[in-house]
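*Asks:* Listed below are the residues making up each chain.
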Amino acid sequence: MADDNTPTDCSLLVVVVDTNPNQRYIIEDPKVLTNCLDAVIAFSNSHLMQKAKNQLAVIGCHFHKSEYLYPSPGKPLDVRQIDGQYELFTLVEKTIKMRLVNLIKSQPQEDKPGESLLAGALAMALCYISRVRRQLSPGLTMSSRILIVTGSSDTAAQYINYMNVFFTAQKQQVLIDVCSLDKHLSLLQQGCDITGGLYLKVPSLEGLLQYLLWVFLPEASERSKLVLPGGGRVDYRAACFCHREPLSIGYVCSLCLSVAVVTRSHEESTRDHGYCFVAETSSTVFKIGGPLATKPKKKKMKI
Amino acid sequence: MADDEVDPKEYRWETGYEKTWEAIKEDEAGLVEGLVAEFAQKAARKAAAPRRGPVRLGMMRHLLLAIDCSEAMNCQDIKPTRFLCTLKLLERFIEEFFDQNPLSQLGLVLLKNKRAEKLTDMCGNVRKHIKAVQGLTNMNLTGEPSLQNALEYAGRVLKPLPGHASRELLVLFASLTTCDPGDINTNIQALKTDGIRCSVIGLAAEVRICKKLCQDTGGEYGVILDDVHYRSLLLECTAPPPRARALDAGLIKMGFPHCAPLSAQPDNNADPPITQCMCHLEEGEGVGTEGHLCPQCRTKYCSLPAQCRTCGLTLASAPHLARSYHHLFPVDPYEEVPNEGQAQYCFGCLRLFNDLDKEPPFLCHQPPDPFPHQMCNVIHECPFPFISKHQQMFLRSDFWPGGVVFLHFIRLHRCGRCREHYCWQCAGLVSSTLHVCPGCAARPHLYQRLPDTS
Numbered sequence: 001m002a003d004d005n006t007p008t009d010c011s012l013l014v015v016v017v018d019t020n021p022n023q024r025y026i027i028e029d030p031k032v033l034t035n036c037l038d039a040v041i042a043f044s045n046s047h048l049m050q051k052a053k054n055q056l057a058v059i060g061c062h063f064h065k066s067e068y069l070y071p072s073p074g075k076p077l078d079v080r081q082i083d084g085q086y087e088l089f090t091l092v093e094k095t096i097k098m099r100l101v102n103l104i105k106s107q108p109q110e111d112k113p114g115e116s117l118l119a120g121a122l123a124m125a126l127c128y129i130s131r132v133r134r135q136l137s138p139g140l141t142m143s144s145r146i147l148i149v150t151g152s153s154d155t156a157a158q159y160i161n162y163m164n165v166f167f168t169a170q171k172q173q174v175l176i177d178v179c180s181l182d183k184h185l186s187l188l189q190q191g192c193d194i195t196g197g198l199y200l201k202v203p204s205l206e207g208l209l210q211y212l213l214w215v216f217l218p219e220a221s222e223r224s225k226l227v228l229p230g231g232g233r234v235d236y237r238a239a240c241f242c243h244r245e246p247l248s249i250g251y252v253c254s255l256c257l258s259v260a261v262v263t264r265s266h267e268e269s270t271r272d273h274g275y276c277f278v279a280e281t282s283s284t285v286f287k288i289g290g291p292l293a294t295k296p297k298k299k300k301m302k303i
Numbered sequence: 001m002a003d004d005e006v007d008p009k010e011y012r013w014e015t016g017y018e019k020t021w022e023a024i025k026e027d028e029a030g031l032v033e034g035l036v037a038e039f040a041q042k043a044a045r046k047a048a049a050p051r052r053g054p055v056r057l058g059m060m061r062h063l064l065l066a067i068d069c070s071e072a073m074n075c076q077d078i079k080p081t082r083f084l085c086t087l088k089l090l091e092r093f094i095e096e097f098f099d100q101n102p103l104s105q106l107g108l109v110l111l112k113n114k115r116a117e118k119l120t121d122m123c124g125n126v127r128k129h130i131k132a133v134q135g136l137t138n139m140n141l142t143g144e145p146s147l148q149n150a151l152e153y154a155g156r157v158l159k160p161l162p163g164h165a166s167r168e169l170l171v172l173f174a175s176l177t178t179c180d181p182g183d184i185n186t187n188i189q190a191l192k193t194d195g196i197r198c199s200v201i202g203l204a205a206e207v208r209i210c211k212k213l214c215q216d217t218g219g220e221y222g223v224i225l226d227d228v229h230y231r232s233l234l235l236e237c238t239a240p241p242p243r244a245r246a247l248d249a250g251l252i253k254m255g256f257p258h259c260a261p262l263s264a265q266p267d268n269n270a271d272p273p274i275t276q277c278m279c280h281l282e283e284g285e286g287v288g289t290e291g292h293l294c295p296q297c298r299t300k301y302c303s304l305p306a307q308c309r310t311c312g313l314t315l316a317s318a319p320h321l322a323r324s325y326h327h328l329f330p331v332d333p334y335e336e337v338p339n340e341g342q343a344q345y346c347f348g349c350l351r352l353f354n355d356l357d358k359e360p361p362f363l364c365h366q367p368p369d370p371f372p373h374q375m376c377n378v379i380h381e382c383p384f385p386f387i388s389k390h391q392q393m394f395l396r397s398d399f400w401p402g403g404v405v406f407l408h409f410i411r412l413h414r415c416g417r418c419r420e421h422y423c424w425q426c427a428g429l430v431s432s433t434l435h436v437c438p439g440c441a442a443r444p445h446l447y448q449r450l451p452d453t454s
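The listed protein sequences correspond, in order, to chains V and Z.
Number 303 marks the last residue of the first sequence (the UniProt record's numbering); no jumps.
Number 454 marks the last residue of the second sequence (the UniProt record's numbering); no jumps.
Derived from the structure by calculation, the hints contain no laboratory data.
Since the structure is predicted, the reported quantities are computational estimates derived from the model, not experimental observations.
Note that the Cβ used here is the ideal one computed from N, Cα and C, for glycine as well.
Be aware that one or more of the hints could be misleading.
[Claimed, not checked] Across the chosen pairs, the derived CB separations fall in these ranges:
#1 Asp29(V) x Lys128(Z): 54 to 64 Å
#2 Glu87(V) x Gln344(Z): 22 to 32 Å
#3 Thr289(Z) x Asn35(V): 54 to 64 Å
#4 Ala239(Z) x Pro108(V): 34 to 44 Å
#5 Leu84(Z) x Arg134(V): 31 to 41 Å
[Said to hold, decoys possible] Derived pair list, reagent style BS3-like, types lysine-lysine, alpha-carbon separation capped at 27 Å:
#6 Lys159(Z) x Lys211(Z)
#7 Lys171(V) x Lys118(Z)
#8 Lys159(Z) x Lys118(Z)
#9 Lys51(V) x Lys225(V)
#10 Lys253(Z) x Lys128(Z)
#11 Lys31(V) x Lys112(V)
#12 Lys171(V) x Lys88(Z)
#13 Lys94(V) x Lys53(V)
#14 Lys171(V) x Lys159(Z)
Whenever a hint applies, use it, and build me the whole structure from the sequences.
*Replies:* As structure tokens, then:
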């Protein structure tokens, strides 16, 4: 977490780029994706430039699967120096572009693009970070962080996956930064708050690289010295499982911890169906229980 | 104190002479790296606990922790003394307990001089418990403990709890004797009927009455071998247990403080009023603008979860609930498969599979002619592409007399749902902390782990 302010010897940055064609800005103008990608590549190279030992990984998150864009598994590409550019930068750019083309080509044509599954890409990133940590030569200290660049919206369908990822990141002291290109992402904002990262919704896409460089490039140890956006209040209210609306006072099932607004309809539905409709979401737990006819107690039910 | 009776099932003098150093073997380069990796894999496999079937877990736990403070705790068989070691481990235990079960409550009792004395009330405040435990360091340990008094106290405290709560008692028992005023069996029966799950961790040797108590009430009984074992036994108790009896599932009213008092005010630029938080009322600290307001009575708390002191509402935030979800939606364990060239690298971390991922090597005497006479080091350049699983079994039997060749196969971990391959380290990470399969979570048809409605 950000509370240790001692600088580390090197830092690992994992960038998760959302390449889902479903994002609003890509639908409006597909060329903007190239601009965004260029910004991300320039940002990644600046990260590598800061310290010689800094490390980088880029994960592309498409709607059908997530894949590492950099580094490529197996042998790295053969690159030669062009215009005096540092070879590593050329390698990063070429690898990312080549593998992204492969990723986009591999998308199933018949399926309609769904939502971006960022939680899976984050889980991959955490695996990668723990591997790099294991392979670190003794005596070196490394800070790690994940940056998510996305223009999709977050949905409650991935809630459990997101939360597991956030808690793991918190345990492993990995910062999660989120750069939202389009909408306000309340779930990911919670993740930033849990792990101590930064959340920024970019006001205009044209200046993406500047936002990235100014806000997300400094390491955790330097951030306390800067005035950075964020620090807004995070909405931690639980969403009820029935209407997916945030609640101030709700009722929690003592077995499956699902949250419900207790209304007339709930009372009726439990009476009709013979089970807590809250329990639908966790039927794994209730499988052997058989019918739970008498389950919900009708105490304190009034609204 | 019979220190040598730590494991009552098998006496030390009955086992053969253990040559522990013989387990360490150098490879042909004189390194033990491969062996270390092998040991780590073994430990990781052990840690992936056997899966429980679909059981109902008691998620809102009410755990009463009874600590033996008798003379037996002075014993120095675990360093520095049993008591100090216990206190140190308890600090970790309490943190881990509330990390795993944020909505639970804990209470501490001391078994001291034939009495059961309350140390802390049942509450969910981590700091309070840890402070109380830290304050015990210089306590005078005398007399005998009384198990019966502890059970009686537990019955008194846990019985009036609401029906949805899971009631548990955990006793850390160092003494081999107990000094009871009456018949302890009646207490055990009473606990059993009340559905209180009793577990005991013995610090000396197995005691029959403790075992009976655990058996009757459905708890776990463990006797420690050393401090490391003690730690693992204690931390095992942090995972929510199956419920001891059919609890009625209730809906619990809970408040989710929206930490923005700003929204109530028309002028958003004005600073919120400086208020005193309720959790630090006695210390006189906690004055400030930040805090969580109880949605019912607007009292302020600086940390969650908490129980509102004014209106008694349980206050929590959504992540607190989510922290327990992985007990309810566990990942399916990965299956282990030998590598026959299906995958070059781990899906999760991109690590190339190498010869450290091997299965324990096995011997085959004098291979027949088609086998090249060289070590099979890196499996993706395996000189034996024709070895099938069947042949592997065949090779294990000592079929050919004569020379010796070591063979091993890289072991991969494969997710049964998304069919991706993982290295053992990633598999360990997924099962122990992450609780999300990276492959499944990135597939549109697999990411939701809710089972089919059929």
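*Asks:* Does each hint hold? Answer for all of them.
*Replies:* Structure-based check of each hint:
no. : hint                              : verdict
1   : Asp29(V) x Lys128(Z): 54 to 64 Å  : holds (57 Å)
2   : Glu87(V) x Gln344(Z): 22 to 32 Å  : holds (25 Å)
3   : Thr289(Z) x Asn35(V): 54 to 64 Å  : violated (41 Å)
4   : Ala239(Z) x Pro108(V): 34 to 44 Å : holds (40 Å)
5   : Leu84(Z) x Arg134(V): 31 to 41 Å  : holds (33 Å)
6   : Lys159(Z) x Lys211(Z)             : holds (22 Å)
7   : Lys171(V) x Lys118(Z)             : violated (33 Å)
8   : Lys159(Z) x Lys118(Z)             : holds (16 Å)
9   : Lys51(V) x Lys225(V)              : holds (19 Å)
10  : Lys253(Z) x Lys128(Z)             : holds (24 Å)
11  : Lys31(V) x Lys112(V)              : holds (20 Å)
12  : Lys171(V) x Lys88(Z)              : holds (21 Å)
13  : Lys94(V) x Lys53(V)               : holds (21 Å)
14  : Lys171(V) x Lys159(Z)             : violated (36 Å)
In summary, the structure is inconsistent with hints 3, 7 and 14 from the numbered list given earlier, while agreeing with the others.
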